[in-house]
Amino acid sequence: MARFSFALCALLGICLLLCRSAQTSESSLPELDAAEIEALGIEDGIADEVSGGFDEEEFGEDDFPTGGEDDAEDDFISHIADPDVVVLSSGNFSEFLATNHYVMVEFYAPWCGHCQALAPEYATAATELKLLGVYLAKVDATVEAELAQQHGIQGYPTIIFFVDGKPKPYAHHRTSEAIVSWIKKKVGPAVAEVNNAGDVQGILESGNTLVVALFDKLEGNEVEEFISAARQEDDVLFYYTKDTEVAELLHIKPGSSTPSLVLLKSAAEKVVLYDGKFDRAAISEFVLANKLPLISYFSRDTATAIFESAIKKQIILFASPEDAKELLPAFEGAAKSHKGKIIFVFVDSTDEEVGKPIVEFFGVSVGKAMIVAFTVSEDQPTKFFLENEPTEEKIKEFATGFLDGKLKQFYKSDPLPEKDDGDVKVVVGNNFDEIVLDESKDVLLEIYAPWCGHCQALEPIYEKLGKVLRGIDSLVIAKMDGTTNEHPRGKSDGYPTLLFFPAGNKSFDPVTVDVDRTVKSFYQFLKKNAAIPFTIAKSSKGGEPLLNVKSPNPEPTESSLEVSHEAKDEL
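Take the sequence shown: its letters are residues -24 to -1, 1 to 547, numbered as in mature numbering (1 follows the signal peptide of the UniProt record, and there is no 0).
Don't take each hint at face value.
As a list, the in silico SDA-like pairs of lysine to any residue whose alpha-carbon atoms are at most 20 angstroms apart [as the list claims (entries may be wrong)]:
1) K384 / R465
2) K267 / I203
3) K289 / K253
4) K253 / G316
5) K229 / N172
Here are the simulated distance ranges between beta carbons [stated by the list, open to error]:
6) K395 / P436: 39 to 49 angstroms
7) G164 / Y387: 19 to 29 angstroms
8) D251 / T326: 24 to 34 angstroms
The hints are simulated quantities; they were obtained by calculation from the structure and are not laboratory data.
The structure displayed is predicted, hence computed values, not measured ones.
Built from N, CA and C at the ideal position, the CB exists for glycine as well.
Based on the sequences and whatever the hints tell you, model everything.
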């Protein structure tokens, strides 16, 4: 999965949602009585399994902090020849930024593969940019953890450009050429003047998206507003001229009044005329609405522009190239009607290298064309599926409903289990409400990933817990594969994540279970936090646990819920 991180990093707020939950400390758990110790099959005071906290949660990407690698990898970045890259630490960070106007800082981890790939590119860019008075620096975030935390570092590498100490994230290509080009625009003139007809062909053949303005003179309030708008854009080149012949070659109609402005791009709608006011906000809004093609073809080169756009609503067509030939005309027609409000994206679902991770994330079928509406959000990303025939009219209606908030949200889900009579209940997206949000049950839910080593180690412990507590009607021990199922109440920031949903209290955030991974600790947690009190009776024969114990109070009472709230407030 590491090679697909360019897309997953752009979806950082989707893949690494922070779970806002209460936690319980190990020291506050209740002691067990003799009957409970016997029923659980443990000796008092002795851990029954290899245990550990949840501070080593596993992630699927190597650019997120999951632990170190061997010494050779740790030393890799330090061996790159980068004499022009400044090494910063908490001791010199503030002073260096205060004494230099332009500083780009990379926060890295020595073991991070993406950081290692960036190192030679970053060094090359540093050498070129120092001639412009721009300094490139780096911070080892594994050593300077507090400094990294101050700047909100959540993954590696994270690159931030500081202008007079003010930060601006860099989220573009990690090549020396891209870094140099981006910074030159930030520190140099935002707009280039063109008055020579001989320069026009090269500008038009550059392949860049262009914004061109014609003025009577290159000064005054309207020119300043144009320049101000240009500074807001990272991936569009701005030009101005007062030469009408040059303006005509750049597709401004002869005889146009001044000021005049056009946007030029290589995709469909090659020339887009502007008829608004010449102020920064209006020009910026026009550029935002028109700089992307009507349909953005998802690729390594376009991923950043799509997912980092200020337009956060997308409608994505997943299809094979063959199916796309039939569907794209209708898709493009709908895109014209919602330009500037929704980004329309085509993903080749058969592309193993680029399309596959996006297909897996959205949970769509590779063999069938599908249209998905998606909102990019760090807090609550949302997805909606078009269930009608993908005609232009139906896609337009779908897009309008998306903007108006009238669509039914979609969640990934495995099929409902044919049999679910085990000790641990199987939760999928489509039965989450029925099982986990049942107000009459206290529910402990493990969110796991099949490939996660910690989850595999936890499985026999969790199964044993389910077996011991199976006879308690008011208590459910459940698990959900977090890689193939979704629900807004079942969020995880790593695997395994254990969440507790108290009975009669399902409208509140669940409690994060942060105790030793032992049957004893889990049982102690449940005994303390369950809204419906329960007991395990002493075994009646041969030391076998008495499993078929009914809850003494099958429905949550006012007093039991009151106790549950008090326990949660103490956490």
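Quick rundown of the hints versus the structure:
1. K384 / R465: Judged against 20 angstroms, a Cα distance of about 16 angstroms means the pair holds.
2. K267 / I203: 17 angstroms, holds
3. K289 / K253: Measuring from Cα to Cα gives roughly 26 angstroms; hence the hint is violated.
4. K253 / G316: Given that 20 angstroms is the threshold and the Cα spacing comes to 17 angstroms, the pair holds.
5. K229 / N172: Holds, at roughly 18 angstroms.
6. K395 / P436: 39 to 49 angstroms: Violated, since K395 and P436 (Cβ atoms, about 21 angstroms apart) do not stay within the stated range.
7. G164 / Y387: 19 to 29 angstroms: 47 angstroms, violated
8. D251 / T326: 24 to 34 angstroms: Taking Cβ atoms as reference, D251 and T326 lie about 42 angstroms apart, which means the hint is violated.
Against the hints set out earlier in the document, violations occur for numbers 3, 6, 7 and 8.
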